[in-house]
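Residue numbers (our numbering), protein chains in the order written: chain S, 1 to 77; chain B, 78 to 575.
Misleading hints may appear alongside valid ones.
Capping the alpha-carbon separation at 27 Å, the derived lysine-lysine pairs in DSS-like fashion look like this [what the hints assert, rightly or not]:
(1) 172/B / 69/S
(2) 74/S / 172/B
(3) 62/S / 463/B
Here are a few chain S residues that face chain B, going by a calculated C-beta distance under 8 Å [said to hold, decoys possible]:
(4) 36
(5) 59
(6) 60
Rather than coming from a laboratory, the hints here were simulated on the basis of the structure.
No experiment lies behind these values; they were computed from the predicted model shown.
Here a beta-carbon is modelled for each residue, glycine too, at the ideal position from N, C-alpha and C.
So the chains spell out like this:
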Amino acid sequence: MISPELKKVILEQLNLDDFDIQDETIAPQVPGWDSLNHINIILAVEKHFGVKFKSIELLRLKCVGELQKLVDSKLGK
Amino acid sequence: MFNINTQSLLDLLKYNPSDPLIFSTSLFLFIFLIFLVFYNLFGKNKMVRLGLLIVFSLYFYYKSAGYYAGILVISAAVNFLFARFISSTEKPLLKRLNLLLAIILNIGILGYFKYTNFILQVITEINKGQFEPLSIFLPIGISFYTFKSLNYVFDVYLETMEPTRSFRDFCVYVFFFPNILAGPIDRASDFIPQINQDLYLTKEDLGKATFLIIAGLFKKVVIADYISLNFVDRIFDFPLRYTGIENLLAIYGYSLQIYCDFSGYTDMAIGIALFLGFKLMDNFNSPFKATSIADFWRRWHISLSKWLLDYLFKPLQFSIRSLRIFANIIALFITFVVCGIWHGAGWNFIIWGALHGFMMSFALLIQKPKQKLYKMLRIADTKFLKFFQIIITFHLVTFSFLIFRAPDMQVIKDAITQIKDFFHAEVFIQFAEKMPIILGLMVIGYILHFMPVKIEIGFRKFITALPWYGQAILLVVVIWIASQFKSADIAPFIYFQF
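For reference, chain S alone in the conformation it holds in the complex:
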């Protein structure tokens, strides 16, 4: 389940008012979330949650649900 907080950070970066983001949602399905914009979203998530990801962890991500899990694991949830 994607937390409202993570969803808000992603939508803010993409200048979207709303978009249905689910666990299995992948970047190309969300308007504006391309490989170049990806970096801004990652930086925003790191800043917002006060976490730091390793490159290999980012390379393993396949969908938003996995990003949520990664954030949770960094926050010790």
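For chain S, the structure is supplied; the task is to place chain B on it using the hints.
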């Protein structure tokens, strides 16, 4: 008499460096049909069927690369073992060390065969010496199968796929003849799970395979080979002998030629693979309909651009992400220079790649003001804007292909000089009169490319609806047409004098 025939048949089946076994040759068609019969006869016996596929694939590669096929086998064995080591150890350092060794070995082999002479030439030129090239044979398809094997090792390292326990399955993946010479650079994670599935083709699969082979043959043999041999090559050999209009037509012709040549070949590869029960990834999606250079790379040689995106661009981008937009720019530039180098050892490829890196970076830098301007002019998301974006992108790509094609900078300079100073638009009439087939093929080629996708889907559905013998007849007709174009005498080229 019989002995002579046996001998010539044996010679035909042997490796011949000047005669690789490409899909559009009658020899391939002949032996592929025999193979297909046996492949289907043993359709239910997986062991025999896959064994046949490995042997045929190795023969196919041997026919094009001779005993250098041995490198392919060694490369497969080594990469299989590297992936196994990586997955079997829990220690991150050992995993990383194995990955590093795999990269060094794969890129080392590729580099030795493909780039040694170029590097030596550059060093010699810097030292102002006389360059004597070493006699190094370039095994055909080495760039493709090296990248194919590497994506398996990378995915196992990233734990985004389970390594296969079967060396046989890995050999089927690496040796698979439809995509070994020119791609698509298929993903192990997509391909390997298909190996153990039952051989079963739906009517749609069969229709799609027939459609792709027909489309591929037409694009490769009828359009690309014909306009290349009879027009484009001749202009680029001596641009100064021709007027600006002829040079311009050759530049447009070359864009069409390279697209039809490459996408035609991969269409055939995907179609042939489908006949064998394997679905390969798409490699082209009407690339000249792109509205930006970034969009072009989502449509052109998709399997390579996705490979570079996943295994080069993203790792670079993530590792320097604190630089924000400059992380993207640096990663883009490096990725596209590597993309250029991958295509061949030559300054033209490096400059071509760097130009694409520059265009992508520039577009990124002006993205926000550009969007503001579109909104201010009220043309954002309009058909009007899209039309101009397509025209501009097409011309940027076409200009970049001129660099890609030119053996040296002088040819580019000459072609541009002729267009600028010696255009002579009126020569077009003579060109149309003297070379109607070339002009006709170019017009047909571009119309087919720019037509709406629904027409293509409609044609595919029409083929799918045909009974098997209808599809076979259609295929034979296209093969016959292709053979007519192939065996046609080179059209006399009219040298327009002024």
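The hints, checked one at a time:
no., hint, result
1, 172/B / 69/S, "24 Å, holds"
2, 74/S / 172/B, "23 Å, holds"
3, 62/S / 463/B, "31 Å, violated"
4, 36, "5 Å, holds"
5, 59, "5 Å, holds"
6, 60, "5 Å, holds"
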